[in-house]
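Protein chains in written order, with our numbering: chain A, 1 to 259; chain B, 260 to 581.
In case anyone wonders, no lab produced these hints; they're calculated from the structure.
Values in this document were obtained by computation on a predicted structure and should not be read as measured data.
Treat each hint with caution, since some may be false.
[Unchecked claim] Covered stretches of chain A, going by a simulated chain B footprint (3 or more residues, C-beta under 8 Å):
#1 52 to 63
#2 82 to 96
#3 126 to 135
#4 163 to 174
#5 211 to 225
#6 235 to 241
Beta carbons are placed, not taken as given, at the ideal position from N, Cα and C, and that holds for glycine.
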Amino acid sequence: MNIVVCAKIVPLASVTIQIDPATKRIIRTGVSQELDPQAAKAVEEALRLADRHGGSVTLVVMGGEDATVGIRSALAMGATAAVHLSDPALAGSDALGTSKALAAAIRKTPFDLVLCATESSDSYTGLVPGQLAQLLGIPPLTFATALTVDGNVVTIKRQSEGGYDTVSAELPALVTVTTGINEPRYPTLKGIMGAKKKEIRKYTAADLGLGPGDVGPAGARERVLTVGRPPARPPGRTIKDEGDGGKQIAEFLAGLKLV
Amino acid sequence: MADLIWVYAEVVDGKISRATLELLSKAAELGTAEAVLLGPAPDDAITTLSQHGASKVYRSDDAIYRDHPTLPAVETIAALIASHRPAVMLFASSYGGRDVAATLSAKLDCGALTDVGDLTLTGSAIEATIPALGGSYQNSATLTGSGTKLVLVRPKAFEMRPRAVPATVEEVAAPRDAALRKIRVVERMTVKREGPQLEDSRVIVSGGRGLKAPERFAMLQELAELLGGAVGATRAAVDAAWVPYALQIGQTGKTVKPDLYLACGISGAIQHLAGMKGSKTIVAINTDADAPIFQVADLGVVGDVFKVVPQLIEELKKRKGA
Chain A
1 MNIVVCAKIV
11 PLASVTIQID
21 PATKRIIRTG
31 VSQELDPQAA
41 KAVEEALRLA
51 DRHGGSVTLV
61 VMGGEDATVG
71 IRSALAMGAT
81 AAVHLSDPAL
91 AGSDALGTSK
101 ALAAAIRKTP
111 FDLVLCATES
121 SDSYTGLVPG
131 QLAQLLGIPP
141 LTFATALTVD
151 GNVVTIKRQS
161 EGGYDTVSAE
171 LPALVTVTTG
181 INEPRYPTLK
191 GIMGAKKKEI
201 RKYTAADLGL
211 GPGDVGPAGA
221 RERVLTVGRP
231 PARPPGRTIK
241 DEGDGGKQIA
251 EFLAGLKLV
Chain B
260 MADLIWVYAE
270 VVDGKISRAT
280 LELLSKAAEL
290 GTAEAVLLGP
300 APDDAITTLS
310 QHGASKVYRS
320 DDAIYRDHPT
330 LPAVETIAAL
340 IASHRPAVML
350 FASSYGGRDV
360 AATLSAKLDC
370 GALTDVGDLT
380 LTGSAIEATI
390 PALGGSYQNS
400 ATLTGSGTKL
410 VLVRPKAFEM
420 RPRAVPATVE
430 EVAAPRDAAL
440 RKIRVVERMT
450 VKREGPQLED
460 SRVIVSGGRG
470 LKAPERFAML
480 QELAELLGGA
490 VGATRAAVDA
500 AWVPYALQIG
510 QTGKTVKPDL
520 YLACGISGAI
530 QHLAGMKGSK
540 TIVAINTDAD
550 APIFQVADLG
560 VVGDVFKVVP
570 QLIEELKKRK
580 GA
């Protein structure tokens, strides 16, 4: 089974992400980046499927040159190879532009299953998986908390408002995984060493047959107009518990007639 | 002529979802509100929609929409949009709403705005207010192009306002293409939810990683009962399998706006703040004085949650007894 995992490389979880008011984009230069923890769950799920059923796991990433560190960590986890869409012409793409680029790259490799996180940790529009499935002409199975493949049928437990649904489709298909689905493995030393030898294939927008009408700022349908801060909450009061913290809260709530 | 504003209507737990009615209330404010309701629905569904501002409902009760999610609905809505050209179509940020909007946005090659907190329409130009990065930013964004603008709205963004209008119903034919049946629902499991529901609770007592163990949630349950509220949790607590996903509050969980939010052992990661910052009063208990939760708290107590919460429970019991 050939599995493609779409992943994003995002600023480290410990970094307070900033938006550049001039470009209206997330500041990524000079910021340490990592494989999106949500995408790492998709990588892990792909590796488990490949262990069970055989086959390859190909990582597909769109991002700048500094995405390489994150790509290497997925390869160190065990992914077979990676495809890196890196081109200044791709910067500033909206979700649909990103989906078009990913779809064009995925079409260049044989695949049975595409795995994605439900959304990225930085911009979290959650649009890409559904768009990608539509562009590839395959069914999207979303919000998976568990995933199995039996023959050519993929079945997931899909989160729902009231519980979960068991949903299935024939391959090829796309599945998005929720964060609770697994606990990603840590790369071993052997994995880290081996990752350095693995192939990272690079594509530009032109390689993918994409022009300014499709990707980059000119191709974007979504456009950020202004970047601002929300109105601040009036400042509150912070006290240190001197043995009567619980009582102080009770009094505060009584004062607001909440008890 | 007023702009046509469509709402993708959804049935959750056997009734028209609250989010649908919130969207209709906003749609009626922006222009002429109409709804698209696909799949089996309760008998009073049309009445409920018209009581919240829908002047027309595009309707099919075909089971294909229930048994085969996303693809048939996308096919039907794309055809309806092509013939009626509404200015805007609003979707709730529900599982189903997100799937349909995302797929439709690629089919129509129009993109979509997500996580929208508010929106205005001037001529054919749409401007949406979008809290970004867990609400630490508040941006405005638009969609270019002349077609229908697809908009996914944050939960609780708009108030539900009953506004009874007479509604006409237009039956639509369900698609029969076998390719649209690729996704099959094999089984549905409804987890029984007990006690007050998070979304509707006026008081929420929430726990995070600082609780250190699942059994500690019993303490929060007792406190919530004393306050007549419900228990919530952070993603860390859910990921650690201490509590079910249904309790998760934040970016990837529920968005809540209770009168009182009591955060116990929660540091306040932006993903969590995104789901509860709109609460009227926030009280936080945490050992770390630098925890970001204190920046949004009306009252913050720097202390041991295992000392402060039991004392608060005792104090509330005393006051109740008095």
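Quick rundown of the hints versus the structure:
1. 52 to 63: Violated: only 0 residues of the segment 52 to 63 of chain A have a Cβ under 8 Å from chain B.
2. 82 to 96: holds (count 3)
3. 126 to 135: holds (count 10)
4. 163 to 174: holds (count 9)
5. 211 to 225: holds (count 6)
6. 235 to 241: holds (count 6)
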